[in-house]
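Given these sequences and hints, build the entire structure.
For the sequence shown, position 676 (counting from the first letter as 1) is numbered 774 according to my numbering, and the numbering increases by one without interruption.
You may find that some hints are simply not true.
[Unchecked claim] No more than 25 Å apart at the CA atoms, straight line, and that leaves these computed lysine-lysine pairs for BS3-like: (1) Lys430 to Lys549; (2) Lys506 to Lys695; (3) Lys359 to Lys166; (4) Lys695 to Lys802; (5) Lys281 to Lys262; (6) Lys525 to Lys430; (7) Lys150 to Lys281; (8) Lys504 to Lys402; (9) Lys402 to Lys449; (10) Lys150 to Lys262; (11) Lys417 to Lys402; (12) Lys504 to Lys695; (13) Lys525 to Lys449; (14) Lys705 to Lys646; (15) Lys166 to Lys150.
[To be verified] Derived CB-CB ranges, DEER-like: (16) Ser188 to Ser784: 26 to 36 Å; (17) His568 to Glu497: 21 to 31 Å; (18) Lys754 to Pro392: 31 to 41 Å; (19) His438 to Lys575: 33 to 43 Å; (20) Ser784 to Ile488: 33 to 43 Å.
No wet-lab data here; the hints were simulated from the structure.
Even for Gly, the Cβ is constructed at its ideal location relative to N, Cα and C.
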Amino acid sequence: MRTNRFFTVLVLISMMSCEKNSTSKGISSPDGAIQVNFDLDDQGVPFYMVLKDGSIVIDRSYLGFEFKDVPMLKSGLKILKISTTSIDESWQMPWGEQLEVVNRYNELIIELQEETDLKRQFNIVFRVYDDGLGFRYEFPEQAGWTQAFIVEEQTQFNLTEDYKTFWIPGDWDIYEHLYNTTKLSEIDAISKRDHPNLAQTYIPNNAVNTPVTMVGENGIHLSFHEAALVDYSGMTLGIDGENLSMRSILVGSENQDFKVKRDLPFHTPWRSIQISNDAPGLIESNLIVNLNEPNKIGDVSWFKPMKYTGVWWEMHLNKSSWDYGMELVDGKWTDTGKAHGRHGATTENVKRFIDFSAANNIGGVLVEGWNTGWERWIGFPDREGVFDFITPYPDYDIEEVTRYAKEKGVEIIMHHETSAATETYTKQQDSAYALMQHYGMHAVKSGYVGKILPDGEYHHGQYMVNHYNHAIENAVKYQVAVNAHEPIKDTGLRRTYPNAISREGLRGQEFNAWASDGGNPPEHLPIVAFTRMLSGPIDFTPGIFNIKFDEYKENNQVNTTLAQQLALYVVIYSPVQMAADLVEHYEANPTALQFIKDVGVDWQQSKVLNGEVGDYVTIARQERETANWFLGSITDENPRELSIKLDFLDEGATYKALIYRDGDNAHWNNNPLDLMVEELNVDSNSEISLNLAAGGGCAISFIKE
Numbered sequence: 099m100r101t102n103r104f105f106t107v108l109v110l111i112s113m114m115s116c117e118k119n120s121t122s123k124g125i126s127s128p129d130g131a132i133q134v135n136f137d138l139d140d141q142g143v144p145f146y147m148v149l150k151d152g153s154i155v156i157d158r159s160y161l162g163f164e165f166k167d168v169p170m171l172k173s174g175l176k177i178l179k180i181s182t183t184s185i186d187e188s189w190q191m192p193w194g195e196q197l198e199v200v201n202r203y204n205e206l207i208i209e210l211q212e213e214t215d216l217k218r219q220f221n222i223v224f225r226v227y228d229d230g231l232g233f234r235y236e237f238p239e240q241a242g243w244t245q246a247f248i249v250e251e252q253t254q255f256n257l258t259e260d261y262k263t264f265w266i267p268g269d270w271d272i273y274e275h276l277y278n279t280t281k282l283s284e285i286d287a288i289s290k291r292d293h294p295n296l297a298q299t300y301i302p303n304n305a306v307n308t309p310v311t312m313v314g315e316n317g318i319h320l321s322f323h324e325a326a327l328v329d330y331s332g333m334t335l336g337i338d339g340e341n342l343s344m345r346s347i348l349v350g351s352e353n354q355d356f357k358v359k360r361d362l363p364f365h366t367p368w369r370s371i372q373i374s375n376d377a378p379g380l381i382e383s384n385l386i387v388n389l390n391e392p393n394k395i396g397d398v399s400w401f402k403p404m405k406y407t408g409v410w411w412e413m414h415l416n417k418s419s420w421d422y423g424m425e426l427v428d429g430k431w432t433d434t435g436k437a438h439g440r441h442g443a444t445t446e447n448v449k450r451f452i453d454f455s456a457a458n459n460i461g462g463v464l465v466e467g468w469n470t471g472w473e474r475w476i477g478f479p480d481r482e483g484v485f486d487f488i489t490p491y492p493d494y495d496i497e498e499v500t501r502y503a504k505e506k507g508v509e510i511i512m513h514h515e516t517s518a519a520t521e522t523y524t525k526q527q528d529s530a531y532a533l534m535q536h537y538g539m540h541a542v543k544s545g546y547v548g549k550i551l552p553d554g555e556y557h558h559g560q561y562m563v564n565h566y567n568h569a570i571e572n573a574v575k576y577q578v579a580v581n582a583h584e585p586i587k588d589t590g591l592r593r594t595y596p597n598a599i600s601r602e603g604l605r606g607q608e609f610n611a612w613a614s615d616g617g618n619p620p621e622h623l624p625i626v627a628f629t630r631m632l633s634g635p636i637d638f639t640p641g642i643f644n645i646k647f648d649e650y651k652e653n654n655q656v657n658t659t660l661a662q663q664l665a666l667y668v669v670i671y672s673p674v675q676m677a678a679d680l681v682e683h684y685e686a687n688p689t690a691l692q693f694i695k696d697v698g699v700d701w702q703q704s705k706v707l708n709g710e711v712g713d714y715v716t717i718a719r720q721e722r723e724t725a726n727w728f729l730g731s732i733t734d735e736n737p738r739e740l741s742i743k744l745d746f747l748d749e750g751a752t753y754k755a756l757i758y759r760d761g762d763n764a765h766w767n768n769n770p771l772d773l774m775v776e777e778l779n780v781d782s783n784s785e786i787s788l789n790l791a792a793g794g795g796c797a798i799s800f801i802k803e
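Here's what the structure looks like:
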């Protein structure tokens, strides 16, 4: 039975009201394994430490702020009050990796004040969970201080080991870098400034973007990120390799000499540290969503998780184009009779995808390149006013397409490429959302390719954080769910605004089609699962069957086996999962297509069965509507044999297992299409072996009999 409720259930109501004053400056997780200690040094500077099972994980790390035109808020502080609270509750995801989410933590609130003449006050709040912790700064309303201009946040993370670290550079504009694997002390983000495959990139510091994941010699796993990023600047982490230290470096702007402007009272995003004894524990953690506020928008049953096809991959293959061939005449896009005939988003072509989706249990069709403006969408400084999010090209009949899709039981997914011209999108957004509502469209894929306009702003600064979040909030009025590309990082706001369904924010599938460096290597996604995916859903666009696509691009390919492309529907989570390849490639391989037809997209529960960061991962998920289970397992460039216990299956039930595995001669480069399908009868006492080829995978459907 499917549920669309989204509410908080108090499990232990008495614990909700146990806030009390305390003299202790420390607090532990509910299970006692993680401990946070707080204090002031002799100069009145606040610091904290984190211990796991009695061992120091974060050594003495200092906290504070640098403001414009006023002294730093860091030293000369005294503690006014310490209080603690314990919470034990649960809430339900309206869609997601699981239905029930336990939210159990102990909270420590330290109220501080300067002993100087300014007497400024602020609080530091720690929430400690069994799977990690979050802390943030709160600035209450106070006399003589009404507005804060933050130049830099002085938050430290001082580590006790030279961890093996999986990182991308702290780019203020994009997240589309390949991951690097080095010791913490060897991180060199500056060398990644110039990248031939990126439209824009700005890396001013030796810093990393978050989530950044680390593995210790004793097996401890850490991941640093932030949660509930609202009206603030995104945080990168500056690296001091010599001292094994990281510090917050906020994304700035060229248009002012501060990074964040806020009126008091306000609070910062949560600075989060996930802590696990193994790699699977990182994925199973709910720390990031739990640090966000509960649902603010109520019922979202109008959004249905779905698989979708679309007019997209063919443009990356250069089979067709986004633009029609119109010309800008007196400020208006005009069909002057010079159409090149390669336009992809035609009525006829979209109907072909609708027919295919309707026949194969796929609920949506994405249409890119439907609206005027694509002739001048990137590389032009005068992009403002170019895109029109209302007017279709002459060969795209939006009325007929939406009528036909509704008749077939398929939903059209809208596409809004802004070309990073934010003022144009802001002005047209209500009209664009209203058009969607008129045609019964409930999901939009937005894009922000290019250098941000207005000049001087970056994708991850406060200006753009507010722009992205406003688009999500505004979409609620029109019952629109947003899947953002070239987005601000995911920080778990899907709990508060469950119409924030998915986003890109990583080096996606399209790099395989046009990157000059050979595309995404086989290790890419086994790293992504333990880094980027920790922050939230990913619209990675899996399901490429024509791995080599030599008929379109001889020098490019997808660097996985076909079996891994199937496994990604389970491993890489999103409530919207694209069957990204061309219709003809699916029709040519009905055997592999069957898994895409069968696989779920909305989950009752998820279990990470094994994994090592950058090497391999196996995840099993139970579908909400059918209670059937699906499993996905992927590996890097190394072949692997993994033994899997099926004790996650319902006890006493028998299942038909359809196993889509790498063939005996499969290899991501030499023989990627070698796929075998086997059928077994299994139950919760069964154990199976997965033989993954180099760059390979395995996908399994468990259908209850």
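Which hints from the list above does the structure break, by number from lowest to highest?
11, 13, 14, 15 and 20
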